[in-house]
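**Q** Start from chain A and add chain B according to the hints.
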Amino acid sequence: GEDVEQSLFLSVREGDSSVINCTYTDSSSTYLYWYKQEPGAGLQLLTYIFSNMDMKQDQRLTVLLNKKDKHLSLRIADTQTGDSAIYFCAERGRTGSARQLTFGSGTQLTVLP
Amino acid sequence: DAGVIQSPRHEVTEMGQEVTLRCKPISGHNSLFWYRQTMMRGLELLIYFNNNVPIDDSGMPEDRFSAKMPNASFSTLKIQPSEPRDSAVYFCASSLEQIGRNEQFFGPGTRLTVL
Chain A
1 GEDVEQSLFL
11 SVREGDSSVI
21 NCTYTDSSST
31 YLYWYKQEPG
41 AGLQLLTYIF
51 SNMDMKQDQR
61 LTVLLNKKDK
71 HLSLRIADTQ
81 TGDSAIYFCA
91 ERGRTGSARQ
101 LTFGSGTQLT
111 VLP
Chain B
1001 DAGVIQSPRH
1011 EVTEMGQEVT
1021 LRCKPISGHN
1031 SLFWYRQTMM
1041 RGLELLIYFN
1051 NNVPIDDSGM
1061 PEDRFSAKMP
1071 NASFSTLKIQ
1081 PSEPRDSAVY
1091 FCASSLEQIG
1101 RNEQFFGPGT
1111 RLTVL
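These protein sequences, in sequence, are chains A and B.
At position 83 of the first sequence (counting the first as 1) the number is 83 in the working numbering, and the numbers step up by one without a gap.
Just add 1000 to wherever you are in the second sequence, counting from 1, and you've got the working numbering.
Just chain A, same shape as in the assembly (with noise of 0.2 angstroms):
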């Protein structure tokens, strides 16, 4: 089936820009999203992409798509202390159902003072 794979961790400072990496299996994928999760809440849609797009920019969030590589980024400018979080990469296909959503682990960002 279809698989979406994140690191596990990230650490930047305050200020910094932070990358966060995902791939996918599915080559069918028509949208990529991004969530986050803040402690102790539900998931949160930051932003998404379209498959047959590149790139996305969303003030301090830009979203970066290699189809050909099936790799997906998330950049945040800028990084504040209030962007510590865990953020979700998910991607929705055309194969299986089209309702569903494959998440990834979840990649836990920690934002250092």
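Only true hints are included.
Examples of chain A residues lying across from chain B (beta carbon under 10 angstroms, computed):
no., residue
1, Y35
2, A41
3, L43
4, Y48
5, F88
6, R92
What the hints contain is simulated information worked out from the structure, not anything from laboratory work.
Nothing here was measured: the structure is a model prediction, and the numbers come from that model.
Glycine residues also receive a C-beta, built at the ideal position from the N, C-alpha and C atoms.
**A** For chain B alone, coordinates are given in the frame of chain A:
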């Protein structure tokens, strides 16, 4: 809109007891998802409904788990009997299925502890 509402937020129970988790999706959404999150297995999809009908329950761990959606504004996830290994955070999410990105909106979760 209040978003997806889940209750209770926290549940502590003893092994063997019945547990019922509740979810109210966002009004107008036609799909509802139940997830379980643990440190060991991450986020797992248990079951999802479309227009109140269960579409895929292949993620339900075993017969002790059951889910219902009697109407468009309410769903339950029941565990009977509960076991310590069921301890996890259970999330409900809803979405409006249409052509497009179909964003899933998550509730705050129910933290279940089975002693």
